[in-house]
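Chains as they are written, first to last, in my numbering: chain H, 3 to 347; chain A, 3 to 347; chain L, 3 to 347; chain G, 3 to 347.
Since the hints were made in silico from the structure, they are not lab data.
Hints may be right or wrong, so weigh each one.
It does not matter which identical chain is meant; a pair holds if it fits inside one copy or across any two.
[What the hints assert, rightly or not] Distance condition first, Cα-Cα at most 25 Å in a straight line; then the derived DSS-like pairs of lysine-lysine:
#, residue 1, residue 2
1, K335, K272
2, K116, K335
3, K116, K95
4, K222, K304
5, K116, K272
6, K116, K304
7, K141, K272
8, K41, K227
4 protein chains.
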Amino acid sequence: MRVGIIGVTGYTGSELLRLLFSHRGVELTYVTSHSFTGKPLPEVHPHYLGILEPVCRPFSVGEAVEKTDLVFSALPHGESMEAVPLLREAGLKVIDLSADFRLADADLYLEWYKKEHSAPPYLGQAVYGLPELYREEIKKASLVANPGCYPTSVILALAPLAARGVVDWDTLVVDAKSGTSGAGRVPSQVLHFPECAENFRAYRVAEHQHTPEMEQELSKLAGRKVSFTFVPHLLPMIRGILSTIYTDLTVKMTEEEIRDIYREFYRGEKFVRLLPPPLLVETRNVYASNYCDLSIKWDSRKNRLIVLSALDNLVKGAAGQAVQNMNLMLGFKEEEGLEMVPLRP
Amino acid sequence: MRVGIIGVTGYTGSELLRLLFSHRGVELTYVTSHSFTGKPLPEVHPHYLGILEPVCRPFSVGEAVEKTDLVFSALPHGESMEAVPLLREAGLKVIDLSADFRLADADLYLEWYKKEHSAPPYLGQAVYGLPELYREEIKKASLVANPGCYPTSVILALAPLAARGVVDWDTLVVDAKSGTSGAGRVPSQVLHFPECAENFRAYRVAEHQHTPEMEQELSKLAGRKVSFTFVPHLLPMIRGILSTIYTDLTVKMTEEEIRDIYREFYRGEKFVRLLPPPLLVETRNVYASNYCDLSIKWDSRKNRLIVLSALDNLVKGAAGQAVQNMNLMLGFKEEEGLEMVPLRP
Amino acid sequence: MRVGIIGVTGYTGSELLRLLFSHRGVELTYVTSHSFTGKPLPEVHPHYLGILEPVCRPFSVGEAVEKTDLVFSALPHGESMEAVPLLREAGLKVIDLSADFRLADADLYLEWYKKEHSAPPYLGQAVYGLPELYREEIKKASLVANPGCYPTSVILALAPLAARGVVDWDTLVVDAKSGTSGAGRVPSQVLHFPECAENFRAYRVAEHQHTPEMEQELSKLAGRKVSFTFVPHLLPMIRGILSTIYTDLTVKMTEEEIRDIYREFYRGEKFVRLLPPPLLVETRNVYASNYCDLSIKWDSRKNRLIVLSALDNLVKGAAGQAVQNMNLMLGFKEEEGLEMVPLRP
Amino acid sequence: MRVGIIGVTGYTGSELLRLLFSHRGVELTYVTSHSFTGKPLPEVHPHYLGILEPVCRPFSVGEAVEKTDLVFSALPHGESMEAVPLLREAGLKVIDLSADFRLADADLYLEWYKKEHSAPPYLGQAVYGLPELYREEIKKASLVANPGCYPTSVILALAPLAARGVVDWDTLVVDAKSGTSGAGRVPSQVLHFPECAENFRAYRVAEHQHTPEMEQELSKLAGRKVSFTFVPHLLPMIRGILSTIYTDLTVKMTEEEIRDIYREFYRGEKFVRLLPPPLLVETRNVYASNYCDLSIKWDSRKNRLIVLSALDNLVKGAAGQAVQNMNLMLGFKEEEGLEMVPLRP
């Protein structure tokens, strides 16, 4: 099968390349870049020198249709909703890594992304690309909205309990911490090395645009509209998200009973690992891999559940999950190209 | 005035030296080290070469009494409770930077530190050395128990509301993140650079030994016994603690009303800074300084208060606060030796 | 083919596991650990949970012979020279990642490693495992001494010119900088995070034990005994070595002529990349990969050549090169298991 | 005395503020910023909140004259040569932290900075502000050109031997490594955290614009025109420069004789520390301080001298040295405001 990447110069584009390079079933036949049109890939990403040196093409629906069977859109939010409808109309399968097709509700998009959605009809068609929840739908999908990095971390951490209906949602708090690569490749004051190293901060406190995406998916699982507090923080490191989640439960359970619910829910799942105590999740244990690790801890002093979740924001939180979705859409083994050992140290 | 440091080889001992060196009212006349007895300070801390080169002495109550008016004990937990009573019996003023005299209740000490307290009578005499709460008591104290780094961060963040009685304690969660220097100078697997860099993890989830210390102090402020969930995390950086605190309130207030309570509570306080929005606390803004920065954010979607608190664990979280206490005990200006600009970048 | 790893708990052992896991021709049938005997691998290396969980065995020649066709010894220097002769006598092919069989001269070993060599007869049998220089010998070898990380970086940077006989050796200086993982997994004061982060230092200045290994190999290429100054430094990062090499040449050449010599020397080599100017080597461009990148720069003001070399100390500098050697010894395609894209960011 | 800072928003401007705040003899009466005109300092540098909150003024010679006795220019290269002549003509003492007045030769400026110098007459008047070399001239100077960070590190490392005439200059190589803050506060791709962390690279190999400045000063000391190879590298850390210098000597000396030359040359110098072996310089031992540490090592295998030099690029390499110069120019004790302990950990 032939695949393409629209917008290859950012970090998710580059990470897709890395993963697809090791995939035994697909051929990369088309990569585009607006700012590097006409230039070979290593001029943007020098580590590809001698490995993968396609020339960056301008975006063209015609060329995409001619050269590929499926395209990944790694364009920024706002741009993707312009390009994806064209690709879909031309009959191509699309996996969109931006936020543009994740929310079913165009009003929510406007509220959180401060921009009118330009292609609302597509919102209903897109399948939310979290294989652990929507495997069968993804297999049949033509347009997959690849989840955000924070949402993947949080939804996987809560899905088993949400589906059981035992979460006391109004008590739920998500304290999330992310490495810097999640913010992308464009330099900024906040991500300037001397500002960011040896520093730690929260940002968009209770206002992050990934909030409605998590709430949408967890509401579906819970069978009712749920909402909660979400606070992201910026870690002085490159890769990794760790979410610490606090919640009361509506029923009394032991830590072991809770762990059983997770075990059952994720039985057979290749990329979700429930850690046996006393092991606790660390971002380094999933580095550069497609795993999402989970730890369960019951705070018996306060009768409160603590769930810890760790993943690599560029892999399970972006490009790896996109490849997992592609595997489902194109009929490959789900873990093809994703069976690497996490990089440690 | 002449001061001494018992246990000068660790990070808090070294940081005390750094601060006292710039203090215009005291002379450092006695430093001890068990492992470096007889050696000049730069053999342990080479950055002191040519600056401060006292020879490390063995611990001796007699010498301490003869040479000093006040001593700081920077011994590890468990060792300090052996040494401090001897110093006190000899009539010396003592500021203890260990956890040994922070808890009023010897049973709590046993429960959380897994060790029988060897000097329970002194627990009642020690004043908890948080100047913003106990300024007058500290001035008259002979034994000050210098607060822990996490507790300083959390108590200062909650004191104004605790004192007002508006915190709904059973909903309260503290998610704290600390740099590595808080764990001390002794090498370990967890703090080995290749394990710790580019990594993030939680530890002692809902089981950290600083929990009862926070609860003790906040209970006093609240006027009733309170408890909550506390989860610490390890940041891949050297200095800095940031605590993110989530709680419901028992009365309805606007963000601005809450901020007023803080402003009033900390009026005239030199080392607590309430940040004006949209500024949010960052550990780098208090780096190597005695400040504790606070941000207040009301999550209006969930009617939940979020308080963010940042300090340098070795300064306001340890040695700086100890110097602040010393200033009060010896009649210096409270900010003497502590008026430095935070180091950024 | 069945392979084993003796001493799997260190960083090179763990990195071997990572690479062999993706190798399509070998099966890992035997791993040993002295300190973790009887325990499943994830107890030492938790990131292997659910991926690779062999039980660590005690070292036994009998078991090695029975279960494997080739073993990697990832034991520390000094221990390997005890174990390897036993494995060889039992007929096993061995790739030794320690320094114990790299020097042909037992006296040199004593001089630089401060330890009498316990198996001098094997020194002559071992092939120095740098495939770019000894490909044919490695194919036929039974014992391969896998090069050190610094030596690989320096020898590959100088081999083309050494073989041409144009290096003015007495002017040559190697200024090398390494990430911390090269120092291994055992905690120490120097590698304690708060000592090592935000810090940079030289160590073993002109006294590093890798010096004779480089000189031995470059002498062979030069056809005469050569020596030079080597100064290593410790970088506050996990992976990567960059060597900056300064030398006069004995003949007059342009930068482009020099580059031609390198191009010719490394023609067809998969893992050595000569960068086109103005691109300069960066450790990140070879991160977690088996590449060694080279840059050539002629300082026309001083008629001096500057060669820059970058590799990942755990891959091309250790485990990756070992797998490359194994491929040659067992008849696999040389790049099998090593065709990954460097990890960036 | 009243002092001002022209261009307060960059890192050197901010570091000057930090040091001047602790200086007991001067008052900061005037700070300017082009981009933050009219705004209080904490809007650029939030860590100054509640500490130092002057409003940023536009640059005006009249206001400078009226409000100050001496000004620091922390403008970028190219801008400073426009502003400084105006300040000088108005009779103000000026310390310029840019490169604009360091080179005596306007042609050299054009060659290395690729820009015509706009005020050549001032080049002759400026005193090179390295107090260890030009103390008496600085005391009488009206315009001081504050040295670059790399040049301070290299000149202090070589001055004793240069003055003795024992350096074999054509063999000399400087391999320098700098933290990222030296590159300033403006974000760029190279200093973007995910590009810069866990990465190491050389840049401007044998072409760095600080080269002629070092050569100019060392030529004066050597009494003849000297030149050498200089290669800078970028360290994944915030502060610190370490230079490793390799050279042959023209006379035979022991390591101890060389050390004696340094001891004698720097006798009485407060800010140059010659480390006793086996101690070796580390950037962390001078962090946030005005010290320059030196180590001497004789490579007896190759009869080559290795000098190691470490300083904090923002302090002894910029703002600290500027304050030292100010102290000399205004008649303060030379170390006033600079007697701090290096920050470690």
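message: As a check of your reading, is K116 near K335 (CA-CA no more than 25 Å) within one copy, between copies, both or neither?
response: Neither: 39 Å inside a copy, 51 Å across copies.
- prompt: Taking 25 Å as the upper bound on the Cα-Cα distance, should K116 and K95 be classified as within, between, both, or neither?
  reply: Neither: 28 Å inside a chain and 52 Å across chains, both beyond 25 Å.
query: Is it within a copy, between copies, both, or neither that the alpha carbon of K116 lies no farther than 25 Å from that of K272?
result: neither (37 Å within a copy, 40 Å between copies)
Within, between, both or neither, where K41 and K227 count as close if Cα-Cα is 25 Å or less: neither (48 Å within a copy, 45 Å between copies)
Status of K272 relative to K335 across identical chains (alpha carbons, at most 25 Å): Intra 11 Å, inter 29 Å, cutoff 25 Å: intra-copy only.
query: Checking K222 and K304: alpha-carbon separation at most 25 Å within a copy, between copies, both or neither?
result: between (28 Å within a copy, 19 Å between copies)
Status of K304 relative to K116 across identical chains (alpha carbons, at most 25 Å): between (39 Å within a copy, 21 Å between copies)
- prompt: Taking 25 Å as the upper bound on the Cα-Cα distance, should K141 and K272 be classified as within, between, both, or neither?
  reply: For K141 and K272, the Cα distance is within 25 Å only inside one copy (17 Å; across copies 38 Å).
Checked against the numbered hints above, the structure violates hints 2, 3, 5, 8; every other hint is satisfied.
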